[in-house]
Structures are given as C-alpha cells and as structure tokens.
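Engineer: Take a look at the letters that make up each chain.
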Amino acid sequence: MNGPHDLGGQMGFGPVAPETDEPYFHAAWEKRALGVTLTAGAMGAWNIDESRHARESLHPADYYASSYYEIWIKALEVLLKRHGFVSERDLTAGKAVDPAATPKRLLKAENVPAVLAKGGPCDRPVAAPARFKAGDLVRTKTFHPTGHTRLPRYARGKQGIIEAVRDGFVFPDSNAPGHGENPQWVYTVAFTGGEIWGEGADPTLTVSIDAWESYLEPA
Amino acid sequence: MAHDHDHDHDNELDPFAARVRALETILTQKGLIDPAAIDVIVDTYETKIGPRNGARVVAKAWADADFAAWLKRDATAAIGSLGYTGRQGEHMQAVFNSDETHNLVVCTLCSCYPWSVLGLPPVWYKAPPYRSRAVIDPRGVLEEFGLTLPAAKKIRVWDSTAELRYLVVPMRPENAEGWSEERLADLVTRDAMIGTALAREPA
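Chains as they are written, first to last, in this note's numbering: chain F, 1 to 219; chain E, 1 to 203.
Excised from the complex, chain F in its bound form:
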C-alpha cells in the first residue's frame, strides 16, 4: 500500500539529528514495549509480514506523530484484537475482562535465549529456476497494490541491473494477508541515482533494493 511508511525520497522531515551516546531505551516503557511485542509475536498467531502491514496501516497522521515503539504498540493492539487475544473492553478496563483465543505457543523466560538465537529464517525452496541472472537488465513493476508490498514507490517502473540472485524467500505480499508463503526468488537490483531521481540526481549514487521475482520484468 502507498502508506506513510514508504518514506524513500519524501521531503520535509528535517535533519537526522543523531544523538551522541544514545541509550538503547529512552524510557522504561520502551523496554516493556520491545518485550511485549516480541513475546506476543512468539504466540505464533501472525507472521512478520502481517505485523509490518499492521504498522504501515496506521493513519498517516498517527504514524508520523509516533515514535517507533509507539508504532509497534499501536499495531500490536490491532493484531491482538484481530486474532482474538484482547478486546476493546480489556483495553478500556486496563485489565483482562474477556476470554482470549488459545495461542499456539507461550514463550517462557528460560526459552528466550534459544528462540532469539534461532530467529525466524524466511528462506524457502523454490521449485522453478530463477528467471533472472546477475547482469540482466530488468524493469520494476508499476503498481499500487492496496495490500502489503515491499517494492517501495520510488523504485517502481525503474530500470535496474540484477546484481545478485539471492535465494527463495517467503513472499510478503501474499504472506501478510494470510494467503500463504508462496516463496519466490529474491534479487538485489541496482539502479543509478539518475534513473530513480532524474534531474539533479547525485551522479555518484547507486541505490539497490532486494526485489521478489514478481516485482520484475525483463527490460
């Protein structure tokens, strides 16, 4: 979707303002926000693509007014309600009022190190051979899907070169709405700054994205 998250090339947000010796957390609640998000995700009710889509589906005004941990928590409330774990009445009361769906898993403290060390690999076998090879010229699709996609707007309809064939990966556009993993080949595609930004582009700039095969056509 052409949501507030798709930020590449947008203007007006001001300077980056890096912090010197930035702490890992800027308030105690951010620690709990990180942990609640990860432990709730570990229930296994939604995948990473659905959670990303929940974040980018926040109203743009809300998205831009929120810090990243605030975005996580707001999206988490949506996911918990969608999957029957938390009700509006629970949230209003600030305590458990309604019964909850049964999760697939409960992440116990003693299992955290192993779960974090394992992660959640997203590479999957793809039966078909890769359509493209390194050095091929390709053009990215021009499309505006209303659902989740990982092809940023700034890189749509652009000609680039396949720099590397990576691996088969879960296809987010299909996985986010629960339509299955449907893995595809992923490629690193490089574009000149001029191809993407046109007039006034930095002539020394190359930008690359990692693109699923169905985002690409031969150029």
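There may be inaccurate statements among the hints.
[Said to hold, decoys possible] Simulated restraints, written as ranges between beta carbons of each label pair: (1) Ala127(F) to Ser81(E): 27 to 35 Å; (2) His179(F) to Pro150(E): 25 to 33 Å; (3) Asn175(E) to Met11(F): 26 to 34 Å.
[Stated by the list, open to error] A few chain F residues that don't get close to chain E, going by computed Cβ distances all over 12 Å: (4) Ala127; (5) Pro129; (6) Leu137; (7) His144; (8) Asn182; (9) Ala211.
Think of the hints as simulated: they come from the structure by calculation, not from any bench.
Predicted, not measured: the structure shown is a model, and the values here were computed from it.
C-beta atoms are modelled at their ideal positions from N, C-alpha and C, and glycine is treated no differently.
Dock chain E against the given chain F, drawing on the hints supplied.
Structural biologist: Quick look at chain E alone, frame taken from chain F:
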C-alpha cells in the same frame, strides 16, 4: 517525535507508559505472555547483543584475509562462526567499503537492521528523516553525521527491502598495523557499520 523524554524513568502520568503497562497486564493475566521473558529479552539487548558483536566481525575481517573472503561469500556462516546468529541476522550480507565506493544501509519501509551484529537500532535509523533522505540525498545525510565524502567517491545505498540484513565493513585505518583483533574492534563503531561514519583513527 510526539513524545520527547528528558528523563529515564517511567512517569505514571505518561499516557503511553500506562498504555504499555495495561497491555502487558492484560496479556499476563490471560496467560498469553510471561513477563519474565520480557526481562530476559531486554537484558539480552542491553548487555549481550550489540555493536561490539559487529565490531569483532569487522576486526577479524581486517586481520584475516581468509575470514574476509568468507564474509564476502557467505556472511551468515562467517558471522555465525563467531557465535552471532539469530533474530534479524538470519540472512546476512557484508558490504565492503573501498577507495572507490562508500556503502550506506537504510530501511526506507520500516526499521530492518542487523540485530545479531549491531543490536537494537538507534532512534534516528527508524525515524522519517533518515529513512526518507538516505536514498535521495545520502551526502547530505552523511554531512549531518560529520562525514564529508570526496566528491568523486561513489555512494552505494542498500535499501533493506527484503529479509537480507546488511553489515558495512569500513576500511581499515592506517597506522594500526600489527594490532590485535580486540584492539582493532575498538576502532569499529556502530555508525561505521551502518555507513554513517568511517572507522575511528587510532589515537
């Protein structure tokens, strides 16, 4: 940001802190999460997984040509050999700065970041100014970090749009010949491994 915190503790009057606490309470009461698991997660990313991991990877690549070649070929395995695996580091790529090219990593769409080697991302990495400008005006962004690249230097921006996670291997500073990997690692900052800085010069 809507909520700038100039204090490092929760304040009961902070509505967002209350909102997070309520959510944790509800999930705990329903038996859906283990609050002790949250403590372990926080401790892991405060004390165990951070940019020192990545610095050791870079230092080893500087000191050991065979490791550097492995890192270039199969970063996930090379990094895993040092014990750094797992969440948001499942599919690693290492990109090497050179005399010709400077590398910069961004996630324009969200906050993708190589947690296994750099830990949790800084706020600026996740915020709109960096995410919007890194791909269109990387030199301007780097200037804000105090880094001015030579005009002829090529800039390569890696937008982390899929599940690959990128680690920049900065150029090894001169005047650090014969240094141990442990000492070399002190020259490798988090920002140098994102690409918003160079490695430190030896004092």
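Engineer: Evaluate each hint against the coordinates.
Structural biologist: Now the hints, each set against the structure:
no. : hint                               : verdict
1   : Ala127(F) to Ser81(E): 27 to 35 Å  : 31 Å, holds
2   : His179(F) to Pro150(E): 25 to 33 Å : 48 Å, violated
3   : Asn175(E) to Met11(F): 26 to 34 Å  : 41 Å, violated
4   : Ala127                             : 20 Å, holds
5   : Pro129                             : 19 Å, holds
6   : Leu137                             : 19 Å, holds
7   : His144                             : 15 Å, holds
8   : Asn182                             : 14 Å, holds
9   : Ala211                             : 7 Å, violated
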